[in-house]
Amino acid sequence: MLRNVLQLRDLAREALSDQDREIFFEIHFRMCSRKEVGERLGLTSQRIGQIYNAALRTLEAHPDYPFK
Numbered sequence: 001m002l003r004n005v006l007q008l009r010d011l012a013r014e015a016l017s018d019q020d021r022e023i024f025f026e027i028h029f030r031m032c033s034r035k036e037v038g039e040r041l042g043l044t045s046q047r048i049g050q051i052y053n054a055a056l057r058t059l060e061a062h063p064d065y066p067f068k
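First residue of the sequence shown: 1, per our numbering; consecutive thereafter.
If you are wondering where the hints come from, they were derived from the structure by calculation, not from laboratory data.
These numbers were taken from a predicted model, which means no experiment stands behind them.
Just so it is clear, CB atoms sit at the ideal spot from N, CA and C, and this is done for glycine as well.
Wrong hints could be hidden among the right ones.
Taking CB as the label site, the calculated pair distances span [as the list claims (entries may be wrong)]:
no.: 1; residue 1: G42; residue 2: P63; range: 31 to 39 Å
no.: 2; residue 1: G42; residue 2: D64; range: 16 to 24 Å
no.: 3; residue 1: R47; residue 2: R9; range: 30 to 38 Å
no.: 4; residue 1: L6; residue 2: T44; range: 16 to 24 Å
no.: 5; residue 1: H62; residue 2: L2; range: 16 to 24 Å
no.: 6; residue 1: R3; residue 2: R30; range: 28 to 36 Å
no.: 7; residue 1: D18; residue 2: Y65; range: 18 to 26 Å
no.: 8; residue 1: F67; residue 2: R30; range: 29 to 37 Å
no.: 9; residue 1: R13; residue 2: N53; range: 15 to 23 Å
no.: 10; residue 1: P63; residue 2: R40; range: 26 to 34 Å
no.: 11; residue 1: A61; residue 2: V5; range: 13 to 21 Å
no.: 12; residue 1: R3; residue 2: K35; range: 26 to 34 Å
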């Protein structure tokens with residue numbers, strides 16, 4: 001399981017833009033709420049959710065996604 005998490009981390013670093021990666025890491029790995037991330041970045045929690053979901057779809061579509 002840890003190996004898969006590390007693969008996901010590496011894939012996110014490789015496949016996502018800086019902002020998408022930051023939002024993905026804050027929510028997925030640091031367990032911050034969308035509201036917390038939005039307040040810090042000056043975006044609404046709804047927009048943070050949209051960016052996070054798009055980043056997740058990008059990762060899931062990648063051939064190296066470890067949780068298939």
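Hints versus structure:
1. G42 / P63: 31 to 39 Å: The hinted range 31 to 39 Å holds for G42 and P63, with Cβ atoms some 34 Å apart.
2. G42 / D64: 16 to 24 Å: At 32 Å between Cβs, range violated.
3. R47 / R9: 30 to 38 Å: violated, 24 Å
4. L6 / T44: 16 to 24 Å: Since L6 and T44 have Cβ atoms about 32 Å apart, the given range 16 to 24 Å is violated.
5. H62 / L2: 16 to 24 Å: holds, 20 Å
6. R3 / R30: 28 to 36 Å: Check failed, 20 Å falls outside 28 to 36 Å.
7. D18 / Y65: 18 to 26 Å: holds, 20 Å
8. F67 / R30: 29 to 37 Å: violated, 19 Å
9. R13 / N53: 15 to 23 Å: holds, 19 Å
10. P63 / R40: 26 to 34 Å: Given range 26 to 34 Å: holds, Cβ gap about 32 Å.
11. A61 / V5: 13 to 21 Å: holds, 19 Å
12. R3 / K35: 26 to 34 Å: Taking Cβ atoms as reference, R3 and K35 lie about 32 Å apart, which means the hint holds.
Violation of the numbered hints given earlier is confined to hints 2, 3, 4, 6 and 8; the remaining hints are satisfied by the structure.
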